[in-house]
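In case you want the letters, here they are:
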Amino acid sequence: MSTTEHAAVSPLLGAPPLTREDTARSFDRSRVHHARRHDKRWRLLWLLVGPGILAMLGENDGPSMIAYASDGAQYGLGFFVPFIPVLFAMAFVCQEMCMRVGAVTHRGYGELILQRYGKAWGWFGAGDLTLTNLVTLVAEFVSIRVGLAYFHLGSGVAVALGMTLVVFTLGGGRYWRWERIVLGMALFNGLFLLAAILVKPHVGAVASSFDFLPFPHGSFNTLLLLLASTIGATVTPWMIFFQQSASADKGMTPRDVKHGRYDTAAGAVLAAIFGVGALIAGAALLAHNGSGIQGFAGAGFPEALRHVAGGAAGTVFALGLVEAGAVAILTISASTAYAAGECVGASHSFNTSPRNAAVFYAANVGVALLAAMVILVPGAPLLSIALNANVLATVLLPVSLVFMVMLANDKGLMGAWANRRSTNVIGIAVIAFVGLCGAAYGIDSFLQTIHLVG
Amino acid sequence: MRKHAPHSSDTIAGIREQDLQRHERFEDELIMHLERDQFVAETSRPVPRVALGARTAAGLWALRVFVVLVSLMVLYTFIQQLH
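Residue numbers (the numbering used here), protein chains in the order written: chain S, 1 to 454; chain R, 1 to 83.
Only chain S is shown next, with the shape it has when bound in the complex:
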């Protein structure tokens, strides 16, 4: 394919100047048009899936899978087996809006907020994203380190692996290439399902746990922490930025919204299944008084699983943690890069070369490098960071969600694709639930810390 770095006047009458980004995207679109014209349904689906599955499986990251496994190790299957799919149904509602806004406006979340509602709101959103992404990226490197520790490999290898993947996937200057590599890696999130099978769970116990019982016991604060960290494991600010920007970068149009919904739904279903897999694997430790929590702090969660369920289960779980951390590093770095490019008004596409999108590529590599450096600091509180990453994301999420709903309702931008009433009702309920859980945990923990409540 012939491409030009700089804008050239298109030979088509009245067409805007053509850039390398346009040419690359139109090449991808030509394949979509061809598949649609020749009624090749599976080919069309294959071409249009990506951002939804990546957002959902990217969120099945290291801290999330550890949170699910810890839930299982502490409380067993009851309540959480049905709760995880409910949370991913909530995530679907939010992510479908992101995909739709991206496909209709061809713009990312950050730039729309900045341009539509003013710089202050845009920069607040970018600030929230940078903070949560940085903390979460540290947690992802911790996850890789925990997984590799099972194979007696240290933090240096974890950093080298993570950074190599970031640099390798950025090569080529094509969105399609980046998406397909990360998509291929993300499917290995299924290792958690394999781990669940290897611990040989009682099928009847899994089936009977769909009645939300028994409800988790323990203090009010513990329950709030569980809710906040589990919510933070399914819906986060980076997913909103990522899926909208990736949908626009992929070149999706309103005609592709139906397939975008399939993509998002497939991601939600797969993520829920693999998340429940991690929960079931963790539940194998329940009979050992939740030794997973102590084990994670000490010898490692996979090690604890090896003692209880055998070497294969421990190995698969360890590999799963490496995969979960690696994929999340790629998607979270990408969301930071999109936001950085959009907020400073610079080029922000995988279809642009590093020379023409320096901010985008620098932010992508820079944020991952910064997080990687943290885990190399001797004595850094890595475990605490990993466990608090999801909670911080939950606390900061409501503002991002409110703006998402506002954008999806903006008739000036969305026209006939604006939210329906039913979507708004569900969206507002999700925001209220997330906001309530995050705020309740934050306030209750703070009051306990300053000894105002027991």
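Think of the hints as simulated: they come from the structure by calculation, not from any bench.
Don't take each hint at face value.
To be verified - If you want a taste of the chain R side facing chain S, the calculated C-beta under 8 Å gives, among others: (1) Gln18; (2) Leu20; (3) Val65; (4) Tyr76; (5) His83.
Unchecked claim - Here are some of the chain R residues that sit facing chain S, going by a computed Cβ distance under 8 Å: (6) Asp19; (7) His33; (8) Gln38; (9) Phe39; (10) Val40; (11) Arg49; (12) Val50; (13) Leu52; (14) Gly53; (15) Ala54; (16) Val74; (17) Thr77; (18) Phe78; (19) Gln80; (20) Leu82.
Said to hold, decoys possible - Take a look, some chain R residues computed to stay more than 10 Å from chain S by CB distance: (21) Arg16; (22) Glu17; (23) Ala41.
Where a beta carbon is used, it is the ideal one built from N, C-alpha and C, also for glycine.
We have chain S; now place chain R onto it with these hints.
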């Protein structure tokens, strides 16, 4: 061994013209697969700003302040737990 006839300057110019036309046709076909508002030149233009109503703005600021306060509480608790 087969000998190639030397190209005259007219022939070379003709081939170049054909290549150029083929290239332009290829780019024309590609461009037709993009919607007009998908071009970088179009997406680089900012969307018009909307004025938020007084109630909406107040609600958003209240939510923003609340979220910052709760975030500070979470960070304080996190730092205290480290000790």
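Hints, one by one, checked against the model:
1. The restraint placing R/Gln18 at the interface with chain S is violated, with a minimum CB-CB distance near 15 Å, outside the 8 Å limit.
2. Residue-level restraint check for R/Leu20 is violated (minimum Cβ-Cβ distance to chain S is 10 Å; threshold 8 Å).
3. Among the interface hints, the one on R/Val65 is violated; its C-beta lies about 10 Å from the nearest C-beta in chain S, farther than the 8 Å criterion.
4. The criterion of a C-beta within 8 Å of any C-beta in chain S is met by R/Tyr76, whose closest approach is roughly 6 Å, and the hint holds.
5. A distance limit of 8 Å between C-beta atoms decides the matter here; for R/His83 the minimum to chain S is near 10 Å, and the interface restraint is violated.
6. Hint status for R/Asp19: violated, given a least beta-carbon distance of 10 Å to chain S, over 8 Å.
7. For R/His33, the interface hint holds, the least distance from its beta-carbon to any beta-carbon of chain S being 4 Å, beneath 8 Å.
8. Interface hint status for R/Gln38: upheld, as the beta-carbon distance to the closest one in chain S is roughly 5 Å, under 8 Å.
9. For R/Phe39, the suggested interface contact is upheld, since its CB lies about 4 Å from the closest CB of chain S, less than 8 Å.
10. Restraint check, R/Val40 versus chain S: the minimum CB separation of about 5 Å is within 8 Å; hint holds.
11. Hint status for R/Arg49 relative to chain S: holds, with the closest Cβ pair at about 6 Å, below 8 Å.
12. With its C-beta approaching chain S no nearer than about 6 Å, R/Val50 sits inside the 8 Å limit, and its interface hint holds.
13. Using the Cβ-Cβ criterion of 8 Å, the hint placing R/Leu52 at the interface with chain S is satisfied: the shortest such distance is roughly 6 Å.
14. For R/Gly53, the shortest C-beta to C-beta distance to chain S is roughly 11 Å, which exceeds 8 Å, and the interface hint is violated.
15. This hint is violated: R/Ala54 has a C-beta 14 Å from the nearest C-beta of chain S, more than the 8 Å allowed.
16. About 5 Å separates the beta-carbon of R/Val74 from the nearest beta-carbon of chain S, less than 8 Å, and the hint is met.
17. For the restraint placing R/Thr77 at the interface with chain S, the shortest Cβ-Cβ distance is roughly 4 Å, inside the 8 Å limit, so the hint holds.
18. A cut of 8 Å between beta carbons decides the hint on R/Phe78: the least distance to chain S is about 5 Å, and the hint holds.
19. Nearest Cβ of chain S to the Cβ of R/Gln80: about 5 Å, under the 8 Å cut. The hint holds.
20. A cut of 8 Å between beta carbons decides the hint on R/Leu82: the least distance to chain S is about 5 Å, and the hint holds.
21. Under the 10 Å C-beta cut-off, the non-interface status given to R/Arg16 relative to chain S holds; the minimum distance is some 15 Å.
22. Once the 10 Å rule is applied to beta carbons, R/Glu17 is consistent with being away from chain S; the minimum gap is 14 Å.
23. Not every C-beta of chain S lies more than 10 Å from that of R/Ala41, the closest at about 4 Å, which undercuts listing it as non-interface.
The structure does not agree with the numbered hints 1, 2, 3, 5, 6, 14, 15 and 23 stated previously, though it agrees with the rest.
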